[in-house]
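Top line first, the protein sequences correspond to chains A and B. Following the working numbering, the numbering of the first sequence begins with 1 at its first residue and continues without gaps. Following the working numbering, the numbering of the second sequence begins with 1 at its first residue and continues without gaps.
Read the hints as simulated data drawn from the structure, not as lab findings. One thing to keep in mind: the hints can contain errors.
Said to hold, decoys possible - Stretch by stretch, here's where chain B covers chain A in the computed footprint (C-beta under 8 Å, at least three residues): (1) 3-10; (2) 67-75; (3) 441-451.
As the list claims (entries may be wrong) - Here are the computed lysine to any residue pairs in the SDA-like style, where the Cα-Cα straight-line distance is at most 20 Å: (4) B:K56 - A:G68; (5) A:K317 - B:K78; (6) B:K78 - A:S5; (7) A:K246 - B:K56.
Glycine is no exception: its CB is placed at the ideal position from the N, C-alpha and C atoms.
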Amino acid sequence: MINFSEVSETNAMIERENLDVRTITMGISLVDCVDSDLNRLKDNIYKKIYESAKDLVRVGDDIAHDFGIPVVNKRISVTPISLIGAGACRSSEDYAEIARVLDKAAADTGVNFLGGYSALVSKGMTPADRLLIESIPQALAETELVCSSVNVGSTKTGIDMDAVRLMGTIIKKTAELTKDRGSIGCAKLVVFCNAPDDNPFMAGAFHGVTEADKILNIGVSGPGVVKKALESAHGMDFEHLCETVKKTAFKVTRVGQLVAREASERLGVPFGIIDLSLAPTPAIGDSVADILCEMGLEYAGAPGTTAALALLNDQVKKGGVMASSYVGGLSGAFIPVSEDQGMINAVNAGCLTLEKLEAMTCVCSVGLDMIAIPGDTKDTTIAGIIADEMAIGMVNQKTTAVRLIPAAGKKVGDQVSFGGLLGYAPVMPVNNYSCAEFVNRKGRIPAPIHSFKN
Amino acid sequence: MKRAIVTVVGKDTVGIIAGVCTYLADNHINILDISQTIVQGYFNMMMIIDVTDLGKPFGTLADELAALGEEKIGVQIKCQKEEIFDLMHRI
């Protein structure tokens with residue numbers, strides 16, 4: 001039977017070390033909503049989402065209550081809207097109307113984000129994909145809860161540079177249209193390479209076309225718990241360090257597994273995957289950067305950071321896969337700047353640069369995340385940064401993403417605040433040497449060779 | 001059998017165990033195990049209780065225990081289903 005110290009350990013993790021289940025995300029297929037009439041399509045979408053997810057928030061809260069573990073976010077992901085709207089939308093304004101319906105459905109179900117205002121264009125864009133992408137700035141400016149993502153490359157197809165170039169411009173426009181709110185639109189827009197179909201985390205969540213009608217994906221978290229556990233590993237060798245991370249990841253994932261099972265049973269929706277990502281929040285002590293410091297770095301970004309992050313990421317996965325048979329999504333350590341106080345401190349200390357962050361993305365999940373850059377950064381420079389990050393994902397067969405905020409009217413040293421889970425970010429300098437001629441070339445970068453690995 | 005864990009933490013005072021046990025008895029809840037210590041004047045108790053035939057929603061039980069602790073005894077009382085501890089600490 002359970003003993004005293006085990007109960008105290010669990011409750012200390014929850015009360016003092018910010019252990020929580022970060023999100024229950026219900027994936028909902030909208031394929032059966034498709035109609036050639038825009039109004040009927042909008043009705044179908046609203047009804048399908050509302051009927052599917054109306055109990056999601058209540059059930060999430062009930063589970064949190066029963067087990068004494070916070071379930072922070074309840075969210076929805078839907079089939080990429082470029083596909084769903086293709087038959088009915090004749091203009092980008094038509095797509096933006098769907099975004100408003102998604103926003104209403106999200107608000108009425110009580111969830112705090114809805115992802116899937118997305119296009120998958122890793123090899124090329126259909127006219128519908130292009131219309132959706134062009135509607136993103138308006139859609140994100142006019143809605144509160146809708147998140148958007150565009151997959152512009154994959155290991156199998158290469159990188160669609162036409163889409164990369166377009167996204168450079170779209171990100172700038174989105175920043176401009178939401179400049180009165182710290183360019184917050186860009187915080188809800190992700191550019192992906194190798195985007196997973198079952199990611200529960202925002203802003204990049206969408207319900208892939210290969211998924212079932214409805215599914216529950218769970219994102220666990222707990223950087224604070226890992227950091228606390230590592231406090232006992234000071235001066236120990238790497239084996240001990242790895243064991244500590246692994247055991248902690250196991251415990252954290254088991255909590256996610258429990259919540260997943262309960263939610264699936266109570267909602268009557270099958271369980272999909274657990275995403276093992278360590279997701280930081282702006283709360284003190286809930287930081288991935290602090291884990292790196294606990295391992296022995298003065299600040300995140302110091303030499304050794306990439307190695308420490310690689311170790312952390314791998315051990316989290318090793319502990320997590322033992323705890324749950326269905327692991328998926330992004331599963332690694334997130335390194336968003338604005339959502340992680342330790343990262344912000346490192347940037348302010350001058351220790352962490354965009355280039356070092358890029359190196360770190362080679363070994364962890366996702367990529368250049370929630371980084372504020374000067375508002376006057378050129379479209380082509382943003383496209384160049386995206387292209388670099390996509391190339392890392394393509395060649396290394398991993399998911400990479402870019403969520404940059406070219407904060408309108410701000411320059412290096414200023415600060416942008418988004419509020420809540422999105423936090424605040426210092427504006428970081430960007431290498432402004434031109435890449436215009438390179439990114440303005442038409443076409444795509446071919447898929448990499450899958451042999452002769454060196 | 002469905003079990004739950006009750007934890008009580010707070011400044012030691014007269015009648016903590018009596019208060020919690022009276023509530024449980026009034027609600028026909030059987031106590032399976034109790035362990036309790038006092039560290040530097042702070043009272044720590046863990047109880048394992050049987051909630052198989054609980055006559056009310058589990059959430060209500062947790063709320064009522066929390067309120068009892070806060071309003072009448074002056075300690076923090078948590079009541080959680082047992083699975084979270086089992087899954088975390090057992091392979």
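Do the hints match the structure? See the list:
Only when three residues or more bring their CB closer than 8 Å to a CB of chain B does the claim for the region 3-10 of chain A stand; here the count is 7, and the claim holds. Check on the region 67-75 of chain A: 3 of its residues sit with their Cβ under 8 Å from a Cβ of chain B, so the three-residue criterion for coverage holds. Here's how the region 441-451 of chain A fares: 0 of its residues keep a CB closer than 8 Å to some CB of chain B, so the rule of at least three is not met and the hint is violated. For the given pair, K56 (chain B) sits about 18 Å from G68 (chain A) by alpha-carbon distance, which is consistent with the 20 Å threshold.
For the given pair, K317 (chain A) sits about 32 Å from K78 (chain B) by alpha-carbon distance, which is inconsistent with the 20 Å threshold. Distance restraint check for K78 (chain B) and S5 (chain A): the Cα-Cα separation of roughly 15 Å lies within the 20 Å cut-off, and the hinted pair is therefore satisfied. Taking the CA atoms of K246 (chain A) and K56 (chain B), the gap is about 39 Å. The hint is violated against a cut of 20 Å.
In summary, the numbered hints that this structure violates are 3, 5, 7.
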